[in-house]
Amino acid sequence: MAAFRVGVDIGGTFTDIAFLGEDGRRLTKKVSSTVGDYAQAIVEGLSEVMRDARIAPSEIVEILHGTTVASNAILERKGAMTGLITTRGFRDVLEIRTLRMPRLYDLSWEKPAPLVPRELRLEVDERINAAGEVVRPLAEAEVEEALERLLRQGVEAVAVAFLHSYSNPAHEERVKTLARRIAPRLVLSLSSEVLPEIKEYERTSTTVINAYVRPIVETYLSRLEAALKEIGIAAPLLLMQSNGGLMTAKAAALAPIHIIESGPAAGVVGARAVAQASGVSHAISFDMGGTTAKASLIEDGELTRAIEIAVGGGVMVGSRLLSGAGYTLKVPAIDLAEIGAGGGSILWIDTGGALQIGPQSAGASPGPVAYDRGGSEPTLTDAAIALGYLNPRHLVGGALKLNAEKAKSVIAERIAAPLGMSLEEAAMGAYKIAASNMIRALKAVSSERGRDPRRYALVAFGGSGPLFAAALAEVLGLRRILIPPSAGVFSSFGLLYSDVEYHLSKSRKALLKMLDSAELEGLLGALESEARRRLAEDGFTAEKMQILRSASLHYQGQSFELEVPLEAGVLDRATLARLEEAFGREHETTYGHRAGAEEPVELVTVKVIGRGVSEVPRSAAAGMAAPAPSIGIAQSCRAAYFGPEKGWLSARVVTRGDLKEPLQGPGIVEEYDSTTLIPPGATARLDPVGAIRIALEARNTTIG
Amino acid sequence: MASDPIALELFKNALLSAADDMALTIFRTTYSGVLRDNMDYSTALFDSEGALAAQGLTLPAHLGSMPTAMAAILETFEGNINEGDVFILNDPFKGGMHLPDIFVFKPIFFEGRLLAYAATVCHHTDVGGRVPGSNASDSTEIYQEGLRIPPIKMFEGGRRNETLFSLIETNVRVPVKVFGDLRAQLAASTIAERSLIDLARHYGPDEVSLLMRELILYAERMTRAAIRELPDGVYSFRDHIDDDGIDEGRPIPLVVTITKKDDHMRVDWTGSSPQVKGAINNTLSFTKSASYCAVRSLLPANIPNNDGVFRAIEVVAPPGTIANCVLPAACAARGLTGFRMVDCVFGALAKMAPDKVFASSDGGNTCITIGGWDASRRPFIYVDFTCSAWGGRPDKDGLDGNSNIFANMASQSVEVTETEQPLEILAYEFIEDAMGPGKYRGGAPFRRDYRFLGEEAILQVRSDRRAFRPYGLYGGAPGRPSMNALTRDGERRLLPTKFAMTIRRGDVFRHEVAGAGGWGDPLERDPERVLGDVKAGIVSKERARADYGVVLSVEPLAVDAAASAALREEMRRRRNWPEVPEVSWERQALAAE
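Residue numbers (my numbering), protein chains in the order written: chain A, 1 to 704; chain B, 1 to 593.
It is worth saying that the hints were derived from the structure and are not from the lab. Even glycine gets a Cβ: it sits at the ideal position worked out from N, Cα and C. Don't take each hint at face value.
Claimed, not checked - To give an idea of the chain A side of the interface with chain B (calculated C-beta under 8 Å), a few residues:
{"id": "1", "residue": "G89"}
{"id": "2", "residue": "L107"}
{"id": "3", "residue": "H164"}
{"id": "4", "residue": "D350"}
{"id": "5", "residue": "R454"}
{"id": "6", "residue": "E599"}
Generate coordinates for the entire structure from the input sequences, incorporating the hints supplied.
What follows is the structure, encoded as structure tokens:
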């Protein structure tokens, strides 16, 4: 009898399952996702692992789950038919958005269609002012009429967003009472409950998203729980939130906005665990798959978070300055920069004669030319084959056959010939340009925040991450790379290293110098009690609760804030003075300048994170050290190209297990789910937690 | 062709990344609402000769302005540009655009040699002059508009020019904000300096210079290749600004002639109005920005914005005109003219490439300012720039509720406004039947109602597109004019497009943005789409019938196909178009009733 914790990560194509036993046993399974009823694939996958490894359902103590169910509902516009009730005069707030578009000079730009069409956005007479005073009473008859009209139209969910409801929720709450009377089962989201913060567009949009995905998420979770019960699994089901914390299935069903970016978050949490286990506190998480690459920053062992995300906004255009894409969701989320570059990205030559990579992708079907499934456009994967980096005959332990000759000839014809270069020079160019595109993503999370990337280790995973890690690290001047075990299915492992978390915040604008520390203490105390209440509801005892506090500040007159941690203990004038100083230092680090001491610093928001520490230890080292499953490759050598200076070299091809002995590059580590490149001059070895640790030659400039 | 296309692509990414880093630093630390919401600033890198090599992605309206300012610095300081110097200017007659836009240039040296220049321009909160914000549209000469800074050194050999700083401090209303934003500009320059020095270490300084030149040539090649694809010819267009607010009711003509031959384009503003009394005169640099913005929209998105683009697109305007003003013209509110020029260039381009260009948008920003003193004698000032609708496009409707292509500004939150200002906003909603009908209709504009809650304030408005409406193309009709009204003691009266007046507690001011023009014959619009607009409540059943010839049945609401076909036939016969009208300024008499 051993206790197992299980991570389940659903993607569009595959569902990845990871079992981690308290005895250190690690089991993985990749099954095709069953679109329509995702629970089916999960249950089948779990059953297979349990059957093969003779694990009883009662041995499973926790199921940790990352899912794209909610985000897919938005991307595919398949959420519930949703109605919206607003203050008279403001039903178009949802559609007008902020007016801004994410692309300049683009006459063909289309705004994402609002999740609630105009005919389902109804107005009622009521008004509360900024101070929270009722200016006009709620016209209850109009509310009833609006609800009935929406129900007649067949809506399944209703969002309510009145102006200034964050300061006085009375009118929204009255709508709830009336709705309960008319339609007790109607899914209702109040903006004062979902996001009690100022700014009507962000609050309305977030509330609408919550209503729009709730019926789907509720159905999905109840089905999944029932299916798990059916096969005898009674363990609690916890969901990964976009912010990297976990939440119970019950909480997720009520507030699904927190699990929208659940999938990418798991990978970053896993990267943090690997980094910590390897004794690294500053790291860049780099997740590259077939179509996109995502980067995120880990500082002092903590994830970095953004306060707002654009769901379905697509990959960034190069700069994060341009907003307006996708659907605005104002919840804390791991700060990810994403670009459209993956193994399937297509190579092409623009009208100025320059080689470009993506953002068009050949995807999984038809896929790269080398897959021989009808793909005719050269891709990054084809370039990696031409360079000798990927096995020329097959991938995925032989499951995927490759046609290297086709890959080479398409690069020769379509890229090398027009550029007047040799095949290997052209392929090397593609590899480097792809790396330089990805560097813009890495820089977006590092140097754009004033962080010098050279201080960081790169944790690379995903199907293509380990192949590109060395090129990125070299250009950015990073010295250390970590390739976690099971890099290709790493997100499902990431789930195993997270804790239950509640992120709560409250707006309070005041100059720090004028602020009464007792009042601040009161605000924080209220948030803290709420966090503790929720954690207690999830079954955590007081000693298993951790509370983190922070403040968002800016110089008076600025529009963007920086978050600074608050000291534990009672707040007084001296703590506030130290907070002010800490803000100044952070401003200097991030932006390269700070104002003089006389310039007033303003508090904008206080935040509390309540963390429930699990009974089951989440030590990152647990389980990682288990040997990687071998795919039976005998050690051999392959010619690989490393640029005009080094030329073609013979690289040793090894498995992860072989790296118990340090390997001097050039080398290639072939595994079932990924391929790792070790460049000449670098040294790779297996570290105690099973990660490949690559040390690069010292360099001191940063380019990119 | 670049010597090494791979190296060039890698270098391009590095340089654009540096320009973006600069832009982000300013965006996140600024004190200026105009700058944050309108992205009214830009960052750039120039090569050692002063040619623009890369620009940060921010405001389209700045695309042509940077080189002019750079040239002014070089002209003034030739032979006197040293390590540790930083230059500043805002004078429209010495490289600037209008006084609130302050340019900062920092030469970057590597091992004692000039390598490049980092440049930033920010719209500052206030630079002195008659009115807070230094943005009045009714000034009549530059001397009323604020502090003029000719090209001078703000740092010399690393030493701060204290004289300049104290002069600025004395002349602007909010020195803390202005100094905060200048600090952001300096920080952005330092970030650029660091990146460029890293690049020089990696590539060597000669190679950096070479690659910057190559990057410009690359942009020029792409621009010329794209221009070559367009049909040769001479294309003219004439549009108007209603008036300048001083000479009320006197239209101001803007005339553009685009000559396109092979891989070159010339945009000529000869024939446009002489410069005017009101503060809407353009410097040539701003006229260039407006011209580039429209032309740029027809070129591939991935062309780097640098000198190479400008080499292929020549912009000319005679001095002394509204398109190239001379002393003592006032120009603080020249944004209006920029927007109209963009409409004008698109009109000409529509004749060149009918399948690529949209009908007229709403005319660009309306600027609404409400300012005064509260009960405790503290000043308040509310400034709102607002625009909403795109013209109908050759293959789809115009956007409803979107920023103008020349500005990419953001709206301000109603709740934040009400928290900070003595205002209650009563409505912020689309207007029914205001967009220009077309096969692809114009975008829907919105209205805003502001109720004033204080004692007394001055309301200033700069709007346009009332006498001259947003035009329709190829059978599409123009949008509805913009509108201003004030309701006081229950009585509503119309107000002109540009005015300043005193308002009192309880007064309600309404602004309606103009509707955008439609594209293509409204009688060819898919009746189901007309039905969709009726359901959404942005087209009335009456207009569905009168403008589109679509007859709707009532319960359930649906298209009556037979009746619609008959009505459309009847309307076609009655209007009897000899040919589809290219440009429409007035709604065609289509009414079926």
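Hint check results:
1. G89: Holds, about 3 Å.
2. L107: With a minimum Cβ separation of about 5 Å from chain B (threshold 8 Å), the hint on A:L107 holds.
3. H164: With a closest approach of 6 Å, the A:H164 hint holds.
4. D350: holds, 6 Å
5. R454: violated, 11 Å
6. E599: holds, 7 Å
When held up to the earlier numbered hints, the structure conflicts with hint 5 and nothing else.
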